[in-house]
Each structure stands twice: as structure tokens, then as C-alpha cells.
Amino acid sequence: MIVDGRVLREDFVPSEVVHRHDEVNLLSESLEPLLYDRRADPAFLFGPTGVGKTCIARYTLARLREQEPSVGVAYVNCWQEYTRFRVLYSILEDVGHTFDIHRSTPKDELFGRLGETDDRPIVAILDEVDQLEETAALYDLYRLGHVSLVLIANREEELFAGLDDRVRSRLRAGTRVRFDRYGTDELEAILAERADNALEPGTVSDGQLRTIADAASGDARVGLGILRSAARRATQQNHDSITDDVLADAIPDARTAIRRKTVEGLIEHQRVLYDVIAETGEIEPGELYETYERRVDNPKTKRTLRNYLTKMVHYDLIEAVGKRRGRTYRPVGDAVVEHDQA
DNA sequence: AATCCACTGGAATAGCGGGGAC
DNA sequence: GTCCCCGCTATTCCAGTGGATT
Numbered sequence: 002m003i004v005d006g007r008v009l010r011e012d013f014v015p016s017e018v019v020h021r022h023d024e025v026n027l028l029s030e031s032l033e034p035l036l037y038d039r040r041a042d043p044a045f046l047f048g049p050t051g052v053g054k055t056c057i058a059r060y061t062l063a064r065l066r067e068q069e070p071s072v073g074v075a076y077v078n079c080w081q082e083y084t085r086f087r088v089l090y091s092i093l094e095d096v097g098h099t100f101d102i103h104r105s106t107p108k109d110e111l112f113g114r115l116g117e118t119d120d121r122p123i124v125a126i127l128d129e130v131d132q133l134e135e136t137a138a139l140y141d142l143y144r145l146g147h148v149s150l151v152l153i154a155n156r157e158e159e160l161f162a163g164l165d166d167r168v169r170s171r172l173r174a175g176t177r178v179r180f181d182r183y184g185t186d187e188l189e190a191i192l193a194e195r196a197d198n199a200l201e202p203g204t205v206s207d208g209q210l211r212t213i214a215d216a217a218s219g220d221a222r223v224g225l226g227i228l229r230s231a232a233r234r235a236t237q238q239n240h241d242s243i244t245d246d247v248l249a250d251a252i253p254d255a256r257t258a259i260r261r262k263t264v265e266g267l268i269e270h271q272r273v274l275y276d277v278i279a280e281t282g283e284i285e286p287g288e289l290y291e292t293y294e295r296r297v298d299n300p301k302t303k304r305t306l307r308n309y310l311t312k313m314v315h316y317d318l319i320e321a322v323g324k325r326r327g328r329t330y331r332p333v334g335d336a337v338v339e340h341d342q343a
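Residue numbers for the first sequence follow the working numbering, so the first one is 2 and each next one is one higher.
Where hints are given, some of them may not hold.
Said to hold, decoys possible - No more than 25 Å apart at the CA atoms, straight line, and that leaves these computed lysine-lysine pairs for BS3-like: (1) K324 with K312; (2) K312 with K301; (3) K312 with K262; (4) K324 with K303; (5) K262 with K301; (6) K324 with K301.
It is worth saying that the hints were derived from the structure and are not from the lab. All values derive from a computational prediction rather than experimental measurement.
Start from the sequences and build out the full structure, keeping to the hints where you can.
Dropping the structure here:
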């Protein structure tokens, strides 16, 4: 039933895009100087999750490389690579200059090394750039004349609020490409296109695609997740097409799958914190610390717990209600554990 | 209004561990 | 092997903040 599973993965870059031609054109135009051996101004892609920002960035750069193969493209997800060192390292890795670089290379060695790659232009795509903790990395990259930047973030205001003035003023003049949520029709068309390439004909009906598009409410990542999970389930149950029952099961599954995966990635102490919050539904800091300390053998300090908590807020696992005194923590979304509902 | 207090988050510092140089 | 360098995490210290209490 599944002909090509890669097509349903969220990091898949299609050979043709559906419904994002204006955005592709705008980004292509801003990168045009690269075709004439000049550096492009920074380009910004703004919009909520699952609207195709990353996909369009990769797609457009892939097209650019067809015209100008000498351009090096580096993709960095600042969610994972959030230090200056890691961003620079990751870029060097993508353009193939990491051979003898290690953690103990002197402070500015990476920057220097990146400076030596100026035999050809480089485009650095920094995804989730608002998650970058050391924004000095942006300043570094901007100082390198052969590096053009494509910066992806959710909201412009929040991104710029987190930058220091030096960086902010340099990035002010750049192209902004804004992405709106997909409508149900658009998302249905995107899913249909992917289903065509990924699944055998007749596996999924138009009505089912519409149901998926509707359930995903404009988020292509969620929509693809549902389609992927439904196809996998149907295969396991030896159906030759996706049944409505299978689809109904796949919808809530896709919603919680991402969160479950994130929770699994937490270290023990973080997971204890998460469990306490999920079990109580809502808890004050003082009580949270106490409960945590009672449950573990070698408790970390409160300061460390606060770092864990900000990280978990960051991962969208928990929510912090209120700013200072009187703050409470609670799980995000439907993650409340059942046995505590009484 | 003044003081107390619980809590947050920034900055500085220590310690760990990976990896190169010798 | 030992030494050294450095990034990363946890810890210590602390200023700031705003609700609670007097």
C-alpha cells in the first residue's frame, strides 16, 4: 500500500510545490544576487508551524543550486544547535570543512575556518532562529561576506526582541516572506499530492483527505502525521486501503505522538518533574520542588530545576501560568493523566 | 506605605569529559 | 599514558519583581 514512505515525512522536499508559488518567488528574488556573485540580503520566513516555511526554504535553495551549483547550502535547526559553537560547526559540516575540528579547537577557530570557505558563496538556513541562545552567532555570520542568511521564525516581533541592537540593526533591511495558515482546501490539495506519490492509487478517498485536512486545522505537519499514521495502521491490519475506523484512530494518535516522543527524550530528573506536573494537572512551584525532592535520590538544586522547567516550556510540554510569585505550572493540551481526575 | 517573602532568571564559577598533542 | 584546552551542565550567588502582610 505504501509505495514511498519518504514522501510522507515532514522533512521531505517535494519536486513541485502546491499553493506556495508567491512565497517561492519572493524568496527566489531575494536570493538572486547570488546568481551574479553577490551576497543576498538576509531573507526572513515568518509564520506559524506547519505552513511550509522550512519546506519552501529547502525547495527554493535546491532550485537555486540547479542554476548555480557552486553555492553551498547549510541547514541548521537552532532548536537543537543553540550555541554559537554548534551553529558554526553545523554550517562547516554542511559545506564539508569539518575534517579536523573538535571541541577543543581554540575559541575563534571555527569562525576563522568558516572565513576560509569564501571560495564560494554559502547560504545558511537558520530554522527556528528565535530559539538561538547565543545570538552572537548571527553577528558572526553577518560579518562573513560570503554567507547569505535565510532566517526562519514564528513571529517577527519575538525574534527581533531577542536580538541585541548590533545584530538587529544589521538585519533590519531584509526581505520578509510571510506564511499564512493553509485553508482546508489548500491542505487537502497538498495531502492529495503527497498521497499520490506515496501511496498506491485508491488507498485514501477524497473525503478522507478532507477529514484529515479538517482535523489538522491548517497545520500540514499534523496533516501529514495523520496520513502517515493511518497508512501505517492500515498496512499493519492488512487492509488494502485506509478505512474510516483506522483514520479515526489515527487522528488523536498523531496529535499525541510528537509529545510522547519529546517526553521520552527527557532525562530522568526532567521526566519526574513532568510526571508530577501531569499528575496534579496544575501545581505551584514550592509544592512542585518538594514533591520532586521526595521522589528522587540525589535531587538537583532548585536553580537547575528552573532551567529544566524553562526547557520544558520551550518544548511545549508544560505551560507556565503567571510570571513571578503566584506562578503555576501545568501540562500542555491533552496530556493530563487520567487517574487524577477525581 | 512599608516590609516581607516566594519566585524568577542573569551572571559568574566549578567540575566533567571528550579529544588532540606530546 | 599525561597534559591541556574547551564546550557544556550544574551550582552558587544575587538582583529584581510583584503579591501578601503588617
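Hints versus structure:
1. Taken as a hint, the K324 and K312 pair is honoured in the structure, with Cα atoms around 16 Å apart against an allowance of 25 Å.
2. Our distance criterion of 25 Å between C-alpha atoms is met by K312 and K301, whose separation comes to about 15 Å.
3. This hinted pair checks out: K312 and K262 have alpha carbons roughly 15 Å apart, not beyond 25 Å.
4. Of the supplied pair hints, the one linking K324 and K303 holds, its CA atoms being roughly 17 Å apart against a limit of 25 Å.
5. For the given pair, K262 sits about 24 Å from K301 by alpha-carbon distance, which is consistent with the 25 Å threshold.
6. A C-alpha spacing of about 23 Å is found between K324 and K301, which places the hinted pair at or below 25 Å, so the restraint holds.
No hint from the list above goes unmet by this structure.
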